[in-house]
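Novice: Line by line, the protein sequences give chains H and C. Each residue of the first sequence is one higher than the one before, counting from 0 in numbering that gives the first Met the number 0. Each residue of the second sequence is one higher than the one before, counting from 0 in numbering that gives the first Met the number 0.
Derived from the structure by calculation, the hints contain no laboratory data. Be aware that a few hints might be false.
[As the list claims (entries may be wrong)] Straight-line Cα separation of at most 30 angstroms, DSS-like style, residue types lysine-lysine; simulated pairs: (1) Lys154/C to Lys286/H; (2) Lys181/H to Lys286/H; (3) Lys102/C to Lys281/H; (4) Lys102/C to Lys186/C; (5) Lys102/C to Lys181/H; (6) Lys286/H to Lys186/C; (7) Lys281/H to Lys110/C; (8) Lys84/C to Lys281/H; (9) Lys84/C to Lys154/C; (10) Lys84/C to Lys181/H.
One letter stands for each residue in the lines below.
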Amino acid sequence: MTEQSHPDPRTPKTGNASLLSKARATKPGETYGVPGQGDTLWLSVLSIFGIIFVWWLFTFMGWVKPLFLPSPQAVLAKFIQVWNEGFTNTPLHEHVAISAARVFGAFILACLVGIPLGIAMGMSPVVRGIFDPPIEFYRPIPPLAYLPLIIIWFGIGETSKVLLIFLSVLAPVALGARSGVKSAAIEQIHAAYSFGASRWQVMRHVILPSALPEILTAMRIGIGFGWTTLVAAEMVAATKGLGYMVLTASQFLQTSTVIMGIIVIAVIAYAFDMLMRWIERKVVPWKGRM
Amino acid sequence: MGLNIKEASVIYPSADARPPVEALREINLEILQDDFVVALGASGCGKSTLLSLIAGFLAPTSGEICLDGAIVRGPGADRAVVFQKHALMPWLNVLDNVAFGLKLQGVAEAKRYEVARNFINLLGLADFENSRVYNLSGGMQQRVGIARALTCDPKILLMDEPLGALDALTREKAQELILNIWHRTSKSVLFITHSVEEALFMGTKLIVMSPRPGRIRHRFDLPFSRQFLTGTPAREVKASREFIALREEVLKIIFADEEAAA
Chain H
0 MTEQSHPDPR TPKTGNASLL SKARATKPGE TYGVPGQGDT LWLSVLSIFG
50 IIFVWWLFTF MGWVKPLFLP SPQAVLAKFI QVWNEGFTNT PLHEHVAISA
100 ARVFGAFILA CLVGIPLGIA MGMSPVVRGI FDPPIEFYRP IPPLAYLPLI
150 IIWFGIGETS KVLLIFLSVL APVALGARSG VKSAAIEQIH AAYSFGASRW
200 QVMRHVILPS ALPEILTAMR IGIGFGWTTL VAAEMVAATK GLGYMVLTAS
250 QFLQTSTVIM GIIVIAVIAY AFDMLMRWIE RKVVPWKGRM
Chain C
0 MGLNIKEASV IYPSADARPP VEALREINLE ILQDDFVVAL GASGCGKSTL
50 LSLIAGFLAP TSGEICLDGA IVRGPGADRA VVFQKHALMP WLNVLDNVAF
100 GLKLQGVAEA KRYEVARNFI NLLGLADFEN SRVYNLSGGM QQRVGIARAL
150 TCDPKILLMD EPLGALDALT REKAQELILN IWHRTSKSVL FITHSVEEAL
200 FMGTKLIVMS PRPGRIRHRF DLPFSRQFLT GTPAREVKAS REFIALREEV
250 LKIIFADEEA AA
């Protein structure tokens with residue numbers, strides 16, 4: 000029998016693989032059996048530098064042509080060049096500013112509309128009945144698919160660009176607020192009513208605060224959709240913006256500018272997500288704890 | 000005066016091809032001031048339905064519930080509810096949780112904090128005024144819930160298995176605390192529990208309910224809480240021959256009901 004002469008490869012006795020497959024005792028301060036505990040900062044830093052290193056290695060060794068993958072140094076140099084000289088006669092900070100204005104403007108509008116709409120959908124079968132079909136209908140459609148319609152209806156100006164991003168943020172924010180309404184425990188609602196609360200007071204003092212964690216999560220997801228729609232929004236008749244920059248550069252095979260633009264978008268989105276996480280910790284510290 | 004339940008029945012309408020459920024049949028119950036009524040019974044005997052009925056969350060199918068002569072038509076601040084769990088607001092600290100009912104009633108901040116602090120002190124929570132409720136133990140969270148219920152000066156306290164989620168030791172201490180508070184505030188209480196020992200120790204009146212349909216099958220007058228309040232230690236009360244004899248009698252009734260239903 001071969002099984003007897005070879006140890007089973009699925010259950011190694013030592014090595015890192017055993018950490019993944021086997022339960023082991025925890026250190027003081029950790030909880031036994033809860034997956035996913037532990038600090039990830041250093042691993043994340045290592046991961047970023049690892050990716051940059053592999054990237055550098057591929058270009059340094061000449062395994063990939065610069066047309067397909069420019070070196071990290073080239074991308075950095077391009078960043079400095081565009082920073083100093085601009086792209087298509089527009090300084091980089093203006094590209095950043097106009098894109099941020101479009102994304103954050105659309106995001107704020109989507110929150111102002113989507114959060115009350117979602118709450119109303121959660122609270123009222125009438126509102127839910129009216130708005131559920133249209134939202135669920137357009138939600139899975141890629142923005143690129145309805146971009147032509149929006150341009151036909153609203154022209155090629157700023158309205159269409161903001162509207163496209165607005166629509167992509169609206170659905171996740173509204174749906175998050177809608178499901179957040181269900182977060183309040185029936186005991187909390189009954190407690191408020193037993194003190195003589197009105198329906199409005201129950202909404203204001205019980206439903207809304209308990210929906211807050213889910214609304215904040217929905218906002219984080221929503222702004223992500225906003226950034227992913229940016230390039231589509233700046234496809235038609237834009238002369239400024241990060242999406243415009245990436246698209247134009249790709250048409251001229253300026254791969255280093257494409258990668259630089261992608262990294263700038265990612266850094267802004269990531270920084271904003273960190274801000275949202277910080278707000279979450281400050282505003283809803285009880286999240287997941289009761 | 001006091002709380003009067005007259006011939007109250009509750010029938011839940013049929014749903015999902017199941018027949019209608021008769022949750023309560025012709026309940027008659029009177030709870031006077033100073034009464035500590037404990038409702039005991041197997042699961043499904045309608046204890047919680049009875050409490051929802053008095054709280055006003057649920058309307059009776061027939062019969063009526065009167066509080067001091069006025070018919071109960073919905074929830075109101077004259078009847079305070081203490082829940083088993085999940086009823087505190089985690090976004091508020093202890094002080095604001097206790098003052099929550101007063102805030103809903105539009106009491107000004109200074110006044111409601113003053114009242115809330117009285118009850119926080121009464122329940123022994125003075126050092127935890129600014130604590131977040133999710134950082135408190137289960138026993139302390141229940142004390143916050145009790146303090147909150149007392150702030151609006153209700154005529155009756157409705158307690159729905161308030162100690163059900165506590166460990167045995169905390170539970171015994173909480174029983175004594177609730178009796179002392181009841182004695183000091185002289186509210187009437189309806190207290191629901193699964194524990195026969197808790198029921199006998201705490202109540203002045205015991206109703207034993209039986210399931211399908213929920214009815215009150217037996218009523219007892221109880222002396223034990225008075226014994227405790229006049230100085231006999233709790234464990235001594237619970238170990239007395241009289242207490243144990245009644246405990247076994249009540250347990251026999253409940254087990255017989257359970258078998259009849261099965």
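Novice: Against each hint, give a clear statement of whether it holds in the structure.
Specialist: Here is what the structure says about each hint:
| no. | hint | verdict |
| --- | --- | --- |
| 1 | Lys154/C to Lys286/H | violated (35 angstroms) |
| 2 | Lys181/H to Lys286/H | holds (15 angstroms) |
| 3 | Lys102/C to Lys281/H | holds (24 angstroms) |
| 4 | Lys102/C to Lys186/C | holds (22 angstroms) |
| 5 | Lys102/C to Lys181/H | holds (23 angstroms) |
| 6 | Lys286/H to Lys186/C | violated (36 angstroms) |
| 7 | Lys281/H to Lys110/C | holds (28 angstroms) |
| 8 | Lys84/C to Lys281/H | holds (25 angstroms) |
| 9 | Lys84/C to Lys154/C | holds (22 angstroms) |
| 10 | Lys84/C to Lys181/H | holds (17 angstroms) |
Hints 1 and 6, counting from the list given before, are not met by this structure.
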